[in-house]
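Taking numbering that gives the first Met the number 0, the leading residue of the sequence shown gets 0, the next gets one more, and so forth.
Don't read these hints as lab results, they were simulated from the structure. Fair warning: this is a prediction, and the values are worked out from it, not measured in the lab. Just to be clear, a hint being listed does not mean it is correct.
[Said to hold, decoys possible] Each computed SDA-like pair below joins lysine to any residue, with the alpha-carbon atoms no more than 25 Å apart:
(1) Lys233 to Arg246
(2) Lys233 to His252
(3) Lys233 to Arg196
[Stated by the list, open to error] Between beta-carbon pairs, the in silico distance windows are:
(4) Asp297 to Leu66: 47 to 55 Å
(5) Pro341 to Ile192: 19 to 27 Å
(6) Arg212 to Ala70: 51 to 59 Å
(7) Glu205 to Cys356: 55 to 63 Å
(8) Arg196 to Ala296: 44 to 52 Å
We treat Cβ as the ideally placed atom computed from N, Cα and C, and that holds for glycine.
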Amino acid sequence: MAGIGFFKTRRSRLQREWTVAIVATVCLWVGQFVLLTVERVAVLGEFQPAMFLPRLIVTGAAILISLGLAAIVFRLPQRSLGAQGFIGLGCAFAATLLHAAANLATFLSLLPANGHGDVTIAAYAPPMMQWFWSYFGLIALLIAIKYALRVEESERRIASLERSELQAQMAALRYQLNPHFIFNAMNSIITLIGENRNADAEAMVENLSDFFRRTLELAPQEAVSIAEELALQKLYLDIERARFSDRLIVETHIAPDVGDALVPVLITQPLVENAVRHSVAMSSQPIQLCTSVTRSADRVSIEIRNTLTSRKGRQGPGVGLANIAARLAARYGSAASLEYGPVDGDYVATINFPFECRAC
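Given these sequences and hints, build the entire structure.
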């Protein structure tokens, strides 16, 4: 597939090169033909219908010569601009000689009575200089076009590779998280069964199935709205309520102007999971878990706060927190941050990132 994409890109570039070359060539020589005709009529007061056909033929020959130059320029290997310019000078000189020969042969054949037989090099020098600079200017334009399009193609290919690498990186991070979550969920189900809470275990399995179905429908690198992210968070907490219904108190606060903000899917999952694992599961008292989402200008902040327990639980960054930091860096670079730690008897984790939305 990558090879097919490369050839498609190369074919597209060649088509664009030739489109520009044909347009530039036709405009150059047809423009010169029109200007020369208008000049002779308006300035010199000459209108010679017999000269029209020879000039038209020479113009056609110039277009063919120019397209031949384009074929040479586009096939030249990548060299320095100095080398390209030197080759361009040689091609322009050769093209000028061909143009002069075509011009002389055409007029001698179609207008032999006009005295072209005694034309000298000195008399031919001014128009040849004009033709030379016309061809050299066209060659310079074609070289510039070739370089510009190839640089653009290279940048597009690099950007495509970077996107592919980013998607692969985020997919790897997402798949790294899934076993961690599954392990905790299975432990919860086993605990419920061990306590003979079979109805709760059955409800948890059903909720878990629904949770996996919805999350697996999303690509690992996909971004979802805050509203969708919180809906997935609620589904997860519904799973945990089957086990901790008596001591898990959930609150969610979301500012009205931030619901459509985009976030990496399941970016809050490790934070909520840590709150349940390190606070709710280790406490005999009700634990409050509060999620707040706010926006300030072009920044979005997601804060997840839960009551700390007196028992030793959370100890520094684990897999989940490292995963969040890596996913934020992969998507936003240094524009996003993750902060966490105890604050006034609570444990607070805050994700801050640039505001994005599908409609933006």
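Each hint, compared with the structure:
For the proposed pair lysine 233 and arginine 246, the alpha carbon gap of about 16 Å is at most 25 Å, so the pair holds. A threshold of 25 Å between alpha carbons decides the hint, and for lysine 233 with histidine 252 the separation of about 13 Å falls inside it, so the pair holds. Our distance criterion of 25 Å between C-alpha atoms is met by lysine 233 and arginine 196, whose separation comes to about 22 Å. A hinted range of 47 to 55 Å for the beta carbons of aspartate 297 and leucine 66 is consistent with their spacing of about 51 Å.
Checked against the hint of 19 to 27 Å, the C-beta distance between proline 341 and isoleucine 192 comes to roughly 34 Å, which is inconsistent with it. Between arginine 212 and alanine 70, the C-beta spacing of about 58 Å keeps the proposed range 51 to 59 Å intact. Between glutamate 205 and cysteine 356 the beta carbons are some 33 Å apart, a value that contradicts the proposed interval 55 to 63 Å. Between arginine 196 and alanine 296 the beta carbons are some 48 Å apart, a value that agrees with the proposed interval 44 to 52 Å.
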